[in-house]
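Q: Listed here are the chains, written in short residue letters.
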Amino acid sequence: MAKILVVDDSSAVRDEVATFLRGNGLDVQTAVDGKDGLSRLKADPGIRLVISDVNMPNMDGLTMVEKIRGELGNKSLNVVMLTTESSPAMKDRGKAAGVKGWIVKPFKGAAVLEGLKKLAV
Amino acid sequence: MSEYLIGALLGAGIVAMLAWFAWRREVQRTAARMQAMQDDALTPLQQANAELRAELDGCQQDMAALQVELQGLEAVLTEQSAVLASRDAELSGSRQQQADALQQARRIAEETARLRGLAHTFERWHEQMISLMARNQAMHEQNMELASIVRHVVIVSLNASIEAARAGAAGRGFGVVASEVRALAARSEALSKSYGDSLHLSDLTTTATFQDIQAGGKMVTASLASVAILAERFEEACQCAAA
Amino acid sequence: MRGGMISAAARQSFETVLQRAVRARLVLSGEPCAITRVDVRADEVTPDDVVVALTISSMGFRYMLFLRFRGDAASVRYFAPGAAGDFRDAVLELGNLCCGAINQELVGHFPDLGMSTPYVLDGHCLHHVDSLKPDYRADFDVTLDAASGEAVLVGVTMCLFTRVPIDFHAGHEVEMATSDGELELF
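From first to last, the protein sequence lines are chains A, B and C.
All residue numbers for the first sequence refer to this note's numbering, where the first residue is 2 and numbers rise by one.
All residue numbers for the second sequence refer to this note's numbering, where the first residue is 2 and numbers rise by one.
All residue numbers for the third sequence refer to this note's numbering, where the first residue is 153 and numbers rise by one.
If you are wondering where the hints come from, they were derived from the structure by calculation, not from laboratory data.
Worth double-checking, as some hints may not be accurate.
[To be verified] Below, a sample of chain C positions facing chain B; criterion: calculated Cβ distance under 8 Å:
#, residue
1, 184
2, 187
3, 188
4, 190
5, 209
6, 210
7, 265
8, 271
9, 273
10, 280
11, 282
12, 283
13, 337
[Said to hold, decoys possible] Per label pair, the in silico range of CB-to-CB distance:
#, chain 1, residue 1, chain 2, residue 2, range
14, B, 96, C, 285, 55 to 63 Å
15, B, 231, C, 186, 29 to 37 Å
16, B, 231, A, 4, 54 to 62 Å
17, A, 4, B, 132, 34 to 42 Å
18, B, 174, C, 226, 27 to 35 Å
19, B, 140, C, 293, 46 to 54 Å
20, C, 317, B, 234, 27 to 35 Å
21, C, 293, B, 174, 32 to 40 Å
22, C, 188, B, 138, 29 to 37 Å
Since we're looking at a predicted model, the values are computed, not measured.
Ideal Cβ positions, reconstructed from N, Cα and C, are used throughout, including at glycine.
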C-alpha cells in the first residue's frame, strides 16, 4: 500500500486523482498547495510519491520540489508534476529541480497507473 | 787471309745489316702491331671512359638537380616553419580567447541565475494584486450591505407613510418626511446599483491586469530559464574546450 | 483599437484553436456539441452564473478567455455530478484545462507564452468586457447535449489585445494530441 501525496489547489483534481488511485489499492493523502504539501511530507515520512500541480497559490509546485530537495534534504522522493503546462522551458525547470516525471492534464488514470505504481515503490 | 776476313766481315756486316733491317722491320711491324693492339685495347677503354664520363656528367647533372630540389625543399621547410610559428601564435591567441569566452560564459550564467530572482518580484506583485482583489471583494460586501440597508430604509419609510396616513392631519408632517426619506432611499439605491456596477468593472479590470502580470511573469521566468540553461551549457562547452 | 494588426488568417486561426479546445475539454464524454458565433450578448445574467476568466500572455499580445457557466441544474449535473458544492471548483478546473489546451496549441506558433491561473468573476462583469478595449473580440454560444437529454449552455468570449501585428495559421488537429496525459519520465 504505497503512500502517495496529491497536491493541487483544485478540489476537483484532488478528488479525481485520489479516488482513482485509491480505487487501485493505493493509499493517498492530499494537500491544497505547496506549503500544505511540505507540512504533510514533514508529518509523514512514509510518503513514497508526490503528484503535484505547478500553479498553486501560497507556494507553487516547482518551488515545493526545490524545497523538498533543499530544506527537507530529501533527494530520493519521487515527484511527478500533473499540470496544464507543457512548454519545454517549464519541463527543463522541473528537471533541474529534481522532478522525476511530467503528466500534462487532463489526468487519464489508465494511461499512467503502471508508471505511477513503479515510482511509488 | 785478310781478304777472307774482310769478306767475312763484309758478309757479316751485310748479314748484320740485313738482319738489322729485318729486325727493324720486325720491330716496326711489332710496334705497329702493338700499336694496333694498343689501339684495339684502347678503343673500348676510351669508349668505356667516354661512357663513364657521360655517366659522370649525368650524375653531376642529377646532383645539380638534387641540389636545386634540396634548396627548394629547404625553402619550403622555412616557409612551413614560419607558418607553424604563426599557427602557434594563433593557437595561443585562440586559447586566450577561449579563456576569455569561458570567463564571459561564467558571468552570463551567473547573471541569468541571478535574474531568476525575478520570480520573487512576480510573487510580490502577485501578493499585492491578491490584496487588491480582496479589497475589491470587501467593497462589494460593503456595497451589498449598503444596498440591504437602503432596501430596509425604503420599507421603513413606506411603513412610516402608511402610519402617517392613518394618523390623518396630525401625521401630515411625518408623511412628508417619510416621502423624502423614501426619495433619498431611492437615490441611494440607484447610487448603490451604479456603485455595484463600477465594482464589477473594477473587478474585471483588476482581474485582467492581475492575470496579465501573472501570465507575463511566467512567460518571463520561462524565457529566463531557457536562457539560463543555454548559458550553463555554453559554459560547460567553453570549459571542455579550454581544458 | 488595433484590430487591423490581426490578420484575417490569425482571427480565423484563433477561433479554430478555441473551438478545438472547447470540444476537447468541455465535452466530457463525447456528447454532441454545437458552437455558434453570436454578435450581441443580450441575455440576462443570473446570480447562479459562474464566469471563469483566464489570460494567456505573449510578448506581443494578450489573450483573455471568459467561460460563462450557468449555475442551473443541468450544468451542475453535467460538470459536477459528484457533489453540487464542488461546481465552482469543477468549472474552475475545466476553464484551466480548456485554456491550457489553447496554450499548448498556441505555443507551437508563438514562443514564450505564459498562462494565468483561473479566476471566478460575477456574471455582471461580462457586461464590461468592451471597456477593456480589446483589439478583437469573438463571442460564442456552446450547447452540449447531455446524455440526460438536457441542454447545457456555456457562453464563451475570447479577447485579443495586441501591440504588434499578428499572423499565423493554425494547423490540423494533429498538433493537439502530443503526449497528452502520458507519464513522461525524466
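Q: Could you work out which of the previously given hints the structure breaks and list their numbers from low to high?
A: Hints 1, 2, 3, 4, 11, 13, 15, 16, 18, 19 and 21 are the ones this structure does not satisfy, whereas the remaining hints hold.
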